[in-house]
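Chemist: Single-letter residue listing:
4 protein chains.
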Amino acid sequence: MIISMERGAPREQIEAVIGRIHELGYESHPIYGAERTVIGVVGRLHRPEKELFEGLAGVETVVYISKPFKLSSLEFHPVPTVVDVDGVKIGGPEIVLIAGPCSVESEEQIVTIAKAVRSAGAKILRGGAYKPRTSPFAFQGLKRDGLEMLRTAKRETGLKIVTEVLSVTDLDLVVEYADMIQLGARNCQNFSLLEAVGKTRKPVLYKRGMATTIHEWLQAADYLLDGGNTQVVLCERGIRTFETATRNTLDINAVPVVKELSHLPILVDPSHGTGHNHLVTAVARAGIAAGADGLAIEVHHQPDKAWSDGHQSLRPGQFEECVAEVRKIAAAMGRAL
Amino acid sequence: MIISMERGAPREQIEAVIGRIHELGYESHPIYGAERTVIGVVGRLHRPEKELFEGLAGVETVVYISKPFKLSSLEFHPVPTVVDVDGVKIGGPEIVLIAGPCSVESEEQIVTIAKAVRSAGAKILRGGAYKPRTSPFAFQGLKRDGLEMLRTAKRETGLKIVTEVLSVTDLDLVVEYADMIQLGARNCQNFSLLEAVGKTRKPVLYKRGMATTIHEWLQAADYLLDGGNTQVVLCERGIRTFETATRNTLDINAVPVVKELSHLPILVDPSHGTGHNHLVTAVARAGIAAGADGLAIEVHHQPDKAWSDGHQSLRPGQFEECVAEVRKIAAAMGRAL
Amino acid sequence: MIISMERGAPREQIEAVIGRIHELGYESHPIYGAERTVIGVVGRLHRPEKELFEGLAGVETVVYISKPFKLSSLEFHPVPTVVDVDGVKIGGPEIVLIAGPCSVESEEQIVTIAKAVRSAGAKILRGGAYKPRTSPFAFQGLKRDGLEMLRTAKRETGLKIVTEVLSVTDLDLVVEYADMIQLGARNCQNFSLLEAVGKTRKPVLYKRGMATTIHEWLQAADYLLDGGNTQVVLCERGIRTFETATRNTLDINAVPVVKELSHLPILVDPSHGTGHNHLVTAVARAGIAAGADGLAIEVHHQPDKAWSDGHQSLRPGQFEECVAEVRKIAAAMGRAL
Amino acid sequence: MIISMERGAPREQIEAVIGRIHELGYESHPIYGAERTVIGVVGRLHRPEKELFEGLAGVETVVYISKPFKLSSLEFHPVPTVVDVDGVKIGGPEIVLIAGPCSVESEEQIVTIAKAVRSAGAKILRGGAYKPRTSPFAFQGLKRDGLEMLRTAKRETGLKIVTEVLSVTDLDLVVEYADMIQLGARNCQNFSLLEAVGKTRKPVLYKRGMATTIHEWLQAADYLLDGGNTQVVLCERGIRTFETATRNTLDINAVPVVKELSHLPILVDPSHGTGHNHLVTAVARAGIAAGADGLAIEVHHQPDKAWSDGHQSLRPGQFEECVAEVRKIAAAMGRAL
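Chains as they are written, first to last, in our numbering: chain A, 1 to 337; chain B, 1 to 337; chain C, 1 to 337; chain D, 1 to 337.
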């Protein structure tokens, strides 16, 4: 960390800052420049917090040099993590497809879709039983009944199940039914939920928040890892920008950035990342070409009748074509699908 | 709601859309244009959801005409709401000041600051006992002990207490101690927490999320109101933009926009909205001039030693000067402080 | 276009709006709903402007149904445009690579790099002779001398030349030397420069602005096309968002969106789109997988000594590896490189 | 400037960086930390460019400590600049109002509006003769005829004239007619136009770009100042964010930030900053309360018939009420209007 003093800050202010650095147990390395003094701060254990110094008299700016995250960093854990979802490996040589509807609507619906996505190559079935909806008047999910239907779909197809948890209150129930827990974009920095999920040993599909920087995301992932849950799969699903032609802006850069900074696997969700089913396949291909370990894609057999997200869902036939195209890119990347 | 069909969409697609509209219980009003057909959809009870139609064949775009929120709208409730925080009225003619430290650190700290802000004109004391921190390794709050210290500060000063709740699990405890519950920016769309808080009858200080549009914010406020909790005070605290000279970009436009759309009172938080103590007073004045009903400001007697947010906290003396300046603006606005 | 009147707008306001629509030569199609009236506006020639109606009494919102751009739209020109840069075809089956340094620095530099990128597979050499620099104290380009050096490089390698024009004043000179004119991100909505370039018959490499929506970009492309210059190649180079881990956020969604809306070819610039040479190859692959017609990549033989953008430039060896990887993706997409 | 080397960067890389620093004429101050080495770089004349070092082997990040702008900084020129627009002083104790229509449409229109805004308290008349329009099919301004009409309005009212220049080609003509030249948001980083305007001695109303950071804006202002034109007035007019309820997000924080960093006066434009006439007055008050030196407001006597921006224009009567409210805030700020 580097503390930059104001131009012409008096000696006593500089000394007070250095005193505070030592008091907090860090080493100081001042540089007395012609115009201003800057002070390097070196911590032995973890990075000192910026805000502990920003309030001191004479301090102009404090900038981090080292990264803010630790347990999720490749520096800390130099071997890529492979997450095991009841036998399905994410982060290994194989590309993994997660597919299914936005919401579980009925047993027939989820079983029909499950069969279709399995035969197209998906290994994990997604489907929301608890839905985070912008409006309280919108459909909120079938809850426990939805979880039961997912279990039926698993029994009938062998697919693993990922489903979202919205609240600490529902966590035990979701853990009982799911093979993998989804933490949605709106809960990316819901730290009490992260803590609770970090105490389970279930694999987590951990989506980036719409206004969360990559560094903050990895820092928040530290909550999961710090709880002892090492089975974390990141998922880039688009960020919020000024662009209105698409629902979100899928941040393709995030894929190589995460690969460089972290040992955790990363998936791409082109359904939420674009918000339009006719854009999904192109962005799915791009995600794999950028180096993602898999995809999460919304599929519905009757998008016209879907209770949510119909416009961004592929029909089973479209999903099959999408997988065929993605498979070629995966092969070009030297990965199996 | 207006559904716009693709250019040259065939008659059967248009009819299928109209059929679906009727099936869902809405009225349809098609306009057959030279180039394309658009269909007005009118709902009797509440606004139909856009996504129910976006997936239909031949549909190009669906746009809302009516507003997405209901209970929080001025159309629905044409009289401004005045929230009563144990006798302190927010939304009436008087400007209300909420002030205090980011975190409760010790009894001595919170009592010292409480006395200082009361003597400067604050009516409500803020202080976090549960802290949402970006890093799991940062100070997380004194929890129940912090709540006890807030109670002591209340007893010693008569100030009302507002403090943040992070989780449904802690809600009962926070309700027991607080006069007003804060819902922080990161929980703006934590719908399960909103639902739980909506079932209490405690006043809520409800902060906007960093990437939440004003419409989404009011829509999420409907969760609180729908639960029966009518005591909701909105708080603009800055949104996330590309600008890096400040921590957030305080959206001053949000004040008149909310006043036009909603009956709920709105405060401005210039501490988080700027992130720098030397910018707080200017933006506090601006907030009141824009029509806000009050301010939430971070104050610490020793910002150099604060455990969090020291750089954006005013010292008691600075807060007093800030209040003196804000008072002049309040008077110019015809409001007491 | 749809005009939505305020709830309960009186009949005379509605009639005034309808009168104005007719006065301006458009057709009106009112829908009298239970809560509010909306009026469809249909234009025979081109889309009426929203702002002509937004000021009218009783008007709440005006929304566009049809797209704002015309000449650049696929509706208007349903066959994809293939741009011919002195024999190099962009927008056809082949993937085209543009490569070279940020700035032309010396004859030796540009010739060395030109030879390297040609042997790796590039068809067009980029290099700035006029540089838009954030600071007036930074290197501004070699101007005419730089153009001469580009000519030499062309003579020695046979590569076509693309170079940026910053001002109408320099346009004639740049046209004389270049095979393709670059319009940079900061000039994306410099309409007087667009008009001037639209009057030339030189192919244009037209970069998206950092805060330009895709619709605005295509609308601005209409300035070029309206001038009679049909040889326009779009280039996505990243937009400005809150993310700070990368210089810009490359909007990968823009590739399929443009392909769906427009007949113009589109390239991706992973150098500016990421800002870091170690991210370039991954995002280059993603661009091609998303359906782009080519890439624009910064290459420098001595990035340590580059006068600008060294950190985002590939060395010739790295560029060669990048091309090898991109070639595999191109093949998977059924395209030659 | 601080260069942070990668963790474990070998000694020869560190030495190469230090060598390069000296080669470029700067001083180096290395700090050898336990985990990594950081090197302070001190320049005698002006700030070294970050990108000269980012490409070097072993360099992880380069961060600026000093500010990127020079001539526009308060450090360089510690006395606030007062700009003199033919006798009207901007940046002094008085609040200055600039008002008028978006576009000059006819002599009658501009003279009518000029009289109205003068009688309400405006000192400078705005009106576009050259219009930057998103679409080439929209009204582009009356050009020289418009300038003539502005001259007539000046003669009839005594108001000073500010009007926008879009191109170097039109600069001489605009300089001949205008008392103040406007540089619009889209030209904020049109460096060749900035250079040309910097060579004139006309006062400049210099608007912030929609995606320009405050630091970049001041850096670009250095182009004007470096040319010798010291008469620069900044104007905050809103930035582009994800919020769609308003046309732009007026960055109120920019006012105190600019006051802290720069000696240049700053105005606020609540018309473009909000995009809706019913929001203008509230944000105008906020701008003055934040410390702005004046306002630029769009006024039209017949917004229903305006050729552009009607929806964000105040009618003369509304403008008068707006001024009355702003006057109270100005008085509370101790400033005359």
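Keep in mind that the hints are not guaranteed to be accurate.
[To be verified] Listed next, the in silico SDA-like pairs over lysine to any residue satisfying Cα-Cα at most 20 Å (straight line): (1) D:K50 / A:P10; (2) B:K328 / D:R335; (3) B:K143 / B:E107.
[As the list claims (entries may be wrong)] Some chain C residues close to chain A (C-beta under 8 Å, calculated; not the full set): (4) L24; (5) H77; (6) S119; (7) H215; (8) T241; (9) E243; (10) G291; (11) A331; (12) A332; (13) A336.
Please keep in mind that the hints were generated in silico from the structure rather than gathered at the bench.
Just so we're clear, the structure is a prediction, and the values are computed from it rather than from any experiment.
Each residue gets a CB set at the ideal place from its N, CA and C atoms; glycine is no exception.
Chemist: Can you verify the interface hint for L24 of chain C: is its Cβ closer than 8 Å to any Cβ in chain A?
Modeler: Since the shortest Cβ distance to chain A is 26 Å, the answer is violated.
Chemist: Identify whether the interface hint at A336 of chain C stands, where standing means a beta carbon of chain A within less than 8 Å of its own.
Modeler: Since chain A brings no Cβ nearer than about 14 Å to A336 of chain C, farther than 8 Å, the hint is violated.
Chemist: Does E243 of chain C hold up as a contact with chain A if the rule is Cβ-Cβ below 8 Å?
Modeler: With Cβ-Cβ at 6 Å, under 8 Å, it holds.
Chemist: Under 8 Å, Cβ to Cβ, is where A331 of chain C needs to be relative to chain A, so tell me if that hint holds or is violated.
Modeler: The hint holds - A331 of chain C has a Cβ within 8 Å of chain A, the shortest such distance being about 7 Å.
Chemist: Regarding the pair K143 of chain B and E107 of chain B, is the alpha-carbon distance no greater than 20 Å?
Modeler: 13 Å, holds
Chemist: So if I understand the rule, the pair passes when the alpha-carbon distance is 20 Å or less; does K50 of chain D with P10 of chain A pass?
Modeler: With Cα atoms ~28 Å apart, K50 of chain D and P10 of chain A exceed 20 Å; violated.
Chemist: Measuring from the C-beta of H77 of chain C to each C-beta in chain A, is the shortest one below 8 Å?
Modeler: 19 Å, violated
Chemist: For the hint on H215 of chain C, just tell me whether its beta-carbon gets within less than 8 Å of chain A.
Modeler: 6 Å, holds
Chemist: Against chain A, with CB atoms and a cut of 8 Å, does the hint on G291 of chain C hold up?
Modeler: Since chain A brings a Cβ to about 5 Å from G291 of chain C, closer than 8 Å, the hint holds.
Chemist: Let's test the interface hint: is any C-beta of chain A closer than 8 Å to that of S119 of chain C?
Modeler: 23 Å, violated
Chemist: Closer than 8 Å between Cβ atoms is the bar; does T241 of chain C clear it against chain A? Give me holds or violated.
Modeler: 5 Å, holds
Chemist: Checking one constraint from the list: CA of K328 of chain B to CA of R335 of chain D, max 20 Å. Satisfied?
Modeler: Cα-Cα ~13 Å, so holds.
Violated hints, listed in ascending order, are 1, 4, 5, 6 and 13; each of the other numbered hints is respected by the structure.
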